Amino acid sequence: MMRIEDYRRPGSAEEAQRILSGNPGALAMGGGAFLKLGSRHAGIVVDLQDAGMRYIRRNGGRIEIGAMTTYRDLETDARLLEAFDGLIPATVRNIVGVQLRSLITVGGTVAGRYGFSELLTSLLLLDCRVATFGEEPVPLPVYLARKPAKAELVVSIDLAPEPLQTRVTAIRNTGGSLPSICVAVARDGDGWRIAAGSRPGLARRADLDAACSDEDLERIARQFEFRDDAHAAGSWRHKAFVALTRRMIGELEGRNA
Amino acid sequence: MIYELNLNGLPVSFQASPHDLLADVLRRSGRKSVKHGCDSSSCGICTVLMDDRPVLSCTVFIAQAAGHRITTAEGLQDEIAAFAACLTDEGAEQCGYCSPGLAISVIAMRREGTPADDESIRRYLAGNLCRCSGYAGQLRAIRRYMGVTA
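Keeping their order, the protein sequence lines are chains A and B. Be aware that the first sequence starts at 33, since it is given in the working numbering, and climbs by one per residue. Be aware that the second sequence starts at 6, since it is given in the working numbering, and climbs by one per residue.
Hints listed in this document are in silico derivations from the structure and should not be mistaken for laboratory results. These numbers come from a predicted model, not from an experiment. Mixed in with the good hints there might be a few duds.
[Unchecked claim] Okay, the calculated beta carbon distance ranges per label pair:
1) A/Ser44 to B/Val17: 26 to 32 Å
2) A/Ser71 to B/Tyr140: 30 to 36 Å
3) A/Arg254 to B/Arg74: 24 to 30 Å
4) A/Ala275 to B/Arg136: 28 to 34 Å
[Unchecked claim] From the structure, some residues in chain A lie toward chain B, with a derived Cβ separation under 10 Å:
5) Ile36
6) Tyr39
7) Met61
8) Gly64
9) Leu69
10) Ala74
11) Asp79
12) Gln81
13) Arg104
14) Arg125
15) Val130
16) Gln131
17) Arg133
18) Asp159
19) Leu234
20) Arg237
Here a beta-carbon is modelled for each residue, glycine too, at the ideal position from N, C-alpha and C.
Hey, can you work out the whole structure from these sequences and the hints?
This is the structure we're talking about:
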């Protein structure tokens with residue numbers, strides 16, 4: 033069970049950053065769901081719930097989502113139900129239950145860089161940027177690839193609206209389990225964007241300029257380097273990825289036929 | 006540390022450590038409707054309302070809950086009684102361990118105006134597990150509570 037020595041609840045992102053910067057080892061906490069599962073002994077924990085980071089809004093032509101926005105917020109937001117063919121609500125709405133989705137946050141997921149994350153898998157399909165306090169936003173793949181900076185505070189993500197057609201799916205052993213694999217596809221003109229997560233590593237994306245063949249899917253599956261873990265074998269993940277992607281692409285092609 | 010919140014409509018304060026779970030603090034205070042089920046944030050048995058949102062009290066630190074409105078089954082007696090009558094009429098309960106958490110979620114679902122079709126009900130309640138019942142009786146009870154006639 034996690035232990036907290038010193039709990040802080042700052043009233044702004046600025047104050048949160050001051051605490052994180054001034055106290056090496058201080059931990060930023062979103063919903064705390066994943067933290068709670070561990071047995072960490074934390075010195076200072078900075079609860080971000082009052083820092084003004086729970087919002088979904090238009091900003092300079094992009095959709096900006098604050099780091100403390102919950103999965104339940106994502107699931108029920110009218111604008112996100114329309115954007116990207118409803119990709120984001122579709123991604124999160126089957127994750128465990130309403131109760132957990134009311135706690136887990138976008139920022140906790142992004143900063144956590146979780147390999148099992150279905151949300152990160154879907155966000156990789158999009159023009160998504162991550163804003164950390166005091167820094168210019170960077171593309172999500174750049175953020176995920178770099179080592180977490182000391183005292184880093186994820187403030188928001190933003191998305192460029194695009195008229196994509198999308199599908200997303202995941203397979204999990206039980207309703208409460210982490211996914212064994214998650215896959216998202218987007219039709220981009222004549223081509224495709226394909227992302228897979230829970231590899232078990234961090235999600236990866238591949239793009240095709242034209243129609244997707246079985247050979248393409250096999251090649252992409254090899255590129256994604258699926259591996260074994262307690263949830264599934266890499267060989268199973270490879271086959272599941274090919275089958276799921278083929279099915280979702282077929283659905284999207286059929287819709288336009 | 007002292008943590009203050011509104012519990013079932015009344016201001017209360019608890020002496021606790023910041024990492025004490027809301028579920029444990031509530032049970033220590035006598036709200037035994039709140040139970041532990043899984044320790045992995047998956048079963049929904051510990052569901053309470055936090056500012057009218059259903060949350061897992063096993064996954065909320067007491068420090069996080071400070072300043073919020075927390076509602077347990079003890080604070081929803083009229084609505085609980087109405088739903089419980091539906092469970093009884095449909096023979097939906099067996100051991101009853103999951104019932105308080107389920108009732109909280111069903112009440113929240115109805116208050117939010119969730120459509121009363123089976124798919125919407127199942128989707129909303131996917132986070133409330135029952136080991137005993139197979140869910141058929143519960144679904145009948147929920148339809149009855151939501152005012153859906155066969």
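Each hint tested on the structure:
The hinted range of 26 to 32 Å is satisfied by A/Ser44 and B/Val17, whose Cβ atoms lie roughly 28 Å apart. Restraint check, A/Ser71 to B/Tyr140: a C-beta distance of roughly 34 Å satisfies the suggested window 30 to 36 Å. Roughly 53 Å separates the CB atoms of A/Arg254 and B/Arg74, a value that falls outside the hinted 24 to 30 Å. Between A/Ala275 and B/Arg136, the C-beta spacing of about 32 Å keeps the proposed range 28 to 34 Å intact.
Against a cut-off of 10 Å between C-beta atoms, the interface hint on A/Ile36 holds, since the closest Cβ of chain B lies about 4 Å away. Restraint check, A/Tyr39 versus chain B: the minimum CB separation of about 4 Å is within 10 Å; hint holds. Of the supplied interface hints, the one on A/Met61 holds, with its beta-carbon coming within about 8 Å of a beta-carbon of chain B, less than 10 Å. Because the closest C-beta pair between A/Gly64 and chain B is about 6 Å apart, less than 10 Å, the hint holds.
Annotation: interface hint on A/Leu69 holds; nearest CB of chain B at approximately 7 Å, less than 10 Å. Against a cut-off of 10 Å between C-beta atoms, the interface hint on A/Ala74 holds, since the closest Cβ of chain B lies about 8 Å away. This hint holds: A/Asp79 has a C-beta 6 Å from the nearest C-beta of chain B, less than the 10 Å allowed. Proximity of A/Gln81 to chain B holds as hinted, the smallest CB-CB distance being about 7 Å (cut-off 10 Å).
Given the 10 Å rule on beta carbons, the hint for A/Arg104 holds: about 7 Å separates it from the nearest Cβ of chain B. For A/Arg125, the interface hint holds, the least distance from its beta-carbon to any beta-carbon of chain B being 7 Å, beneath 10 Å. For A/Val130, the interface hint holds, the least distance from its beta-carbon to any beta-carbon of chain B being 6 Å, beneath 10 Å. Satisfaction of the interface hint for A/Gln131 is found here, the shortest Cβ-Cβ separation to chain B being roughly 5 Å, below the 10 Å cut-off.
Among the interface hints, the one on A/Arg133 holds; its C-beta lies about 8 Å from the nearest C-beta in chain B, closer than the 10 Å criterion. The beta carbon of A/Asp159 is not positioned within 10 Å of any beta carbon in chain B (closest approach about 29 Å), and the interface hint is therefore violated. Because the closest C-beta pair between A/Leu234 and chain B is about 22 Å apart, greater than 10 Å, the hint is violated. Hint on A/Arg237 is violated. Least Cβ distance to chain B is approximately 28 Å, over the 10 Å limit.
In the structure shown, a violation is registered for the earlier hints numbered 3, 18, 19 and 20, in ascending order.
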